[in-house]
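Take these sequences, add in the hints, and give me the full structure.
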Amino acid sequence: MNTRPFSQHTVSKAESPEETVQKSWIRCETSYQLDPSQKWKADVLCGAEFRHVSSRSALLLRQASEEMQHLFTLVQGLGLMVLLADPNAMILARCADETHLSVCRRLNLREGAIWSEEIAGTNGIGTCVEDRCPVFLGRGAHWRFCFSLLISYAVPIFDAQGRVAGALNLASMNGKTVQPIDKLLMETLAQSGRRIEEQLFRNSYAGQKILTLGSVRGCSAPLVSINDQGEITGATHAAREWMGWTDQTIAQHPNLLTELEEGSEISFQKAEENVIRSALAVSQGNVTQAARGLGISRATLYRKMKGFGIN
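So the sequence shown is residues 1 to 311, counted in UniProt numbering.
These are computed hints drawn from the structure, not numbers from a lab. Ideal Cβ positions, reconstructed from N, Cα and C, are used throughout, including at glycine. Among these hints, one or two may not hold up.
Pairwise CB distance ranges, derived in the manner of DEER restraints [claimed, not checked]:
{"no.": "1", "residue 1": "Val-287", "residue 2": "Ser-16", "range": "29 to 37 Å"}
{"no.": "2", "residue 1": "Asn-203", "residue 2": "Arg-139", "range": "34 to 42 Å"}
{"no.": "3", "residue 1": "Gly-140", "residue 2": "Asn-203", "range": "34 to 42 Å"}
{"no.": "4", "residue 1": "Gly-307", "residue 2": "Val-44", "range": "20 to 28 Å"}
With a straight-line Cα cutoff of 30 Å, these simulated BS3-like cross-link-like pairs (lysine-lysine) come out [claimed, not checked]:
{"no.": "5", "residue 1": "Lys-270", "residue 2": "Lys-304"}
{"no.": "6", "residue 1": "Lys-39", "residue 2": "Lys-23"}
{"no.": "7", "residue 1": "Lys-183", "residue 2": "Lys-270"}
{"no.": "8", "residue 1": "Lys-176", "residue 2": "Lys-39"}
What follows is the structure, given as structure tokens:
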């Protein structure tokens, strides 16, 4: 079997794009035993099968459609198409112009096509949902030689419970056009993914207060939902990762400020400050209402505000 060379090493938690690709290549070589020179054609679900499988992602499709169109208008002049896939790497929707259609037919970049890494090898959609992290694949970075000219940018989309709901993908066959703005495209794509995640989260916890624990980093925003008693009812992927919360933790509905106070690091103090500022913004500066929403007394909130220098 023809193989591509790689050097084995331990991958750190914060991986570089090169390390992500290398880890995927190792899986293709050792776990999947895929021949990179072998021609490949995607499995495509028939109409009835596609409707049945895609119905599981109906909420994602509904929330992502407008964002996909917006993203497509931003990148259309760069020869990029926008793809949305489910957590099993099946393409759910596509935004592409006529110049893309021949590529879409040739590579089966269409609704119902399954691009899981296990059968397609390293690719934007499949590797993104496999590793739950952003993926950039330049020319020659795909495992199969038949995709050597394909450029792919992909970010995971997380649902209201912090699970991977799918992937958002930008793809092109013209790498020279987009190479100078690779980082800009990845950040734009990540912002689109976060907006979809936030809509999924807000819809899932409609009527409850949505607060932020801090600034956004990566593909997920650190948002939490709390009830009128200040108890945690939901948290995004980023919030769960930061705080170490599990489904079981959230099911117990702990008080948000109590959870934050238990951490001694500066990051937890900053998160507490962000929550208080966010609660005041939600209540339009009404301290009594903000305190009630956080599940603490008005005096306690004033004390915390004074400590953080919040007027």
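TODO: Using the Cβ atoms, figure out if Gly-140 sits within 34 to 42 Å of Asn-203.
DONE: holds, 40 Å
Task: Cβ distance range 20 to 28 Å for Gly-307 and Val-44, holds or violated - done: Given a distance of about 59 Å, which is not inside 20 to 28 Å, the answer is violated.
Open item on the list: So if I understand the rule, the pair passes when the alpha-carbon distance is 30 Å or less; does Lys-183 with Lys-270 pass?
Closed with: holds, 28 Å
Open item on the list: For the hint 29 to 37 Å, verify it against the beta carbon of Val-287 and that of Ser-16.
Closed with: Violated - the Cβ-Cβ distance for Val-287 and Ser-16, about 46 Å, lies outside 29 to 37 Å.
Open item on the list: Holds or violated: Lys-176 and Lys-39, Cα atoms, limit 30 Å.
Closed with: holds, 25 Å
Open item on the list: Need the status of pair Lys-270, Lys-304: alpha-carbon distance at most 30 Å?
Closed with: The given pair, whose Cα atoms are some 12 Å apart, holds under the 30 Å limit.
TODO: Just tell me: holds or violated, for the beta carbon distance of Asn-203 and Arg-139 against 34 to 42 Å?
DONE: holds, 39 Å
Task: Hinted pair Lys-39 and Lys-23, Cα distance within 30 Å - done: Satisfied, since the Cα-Cα distance of roughly 22 Å is no more than 30 Å.
Of the numbered hints given earlier, the model fails hints 1, 4; all others are met.
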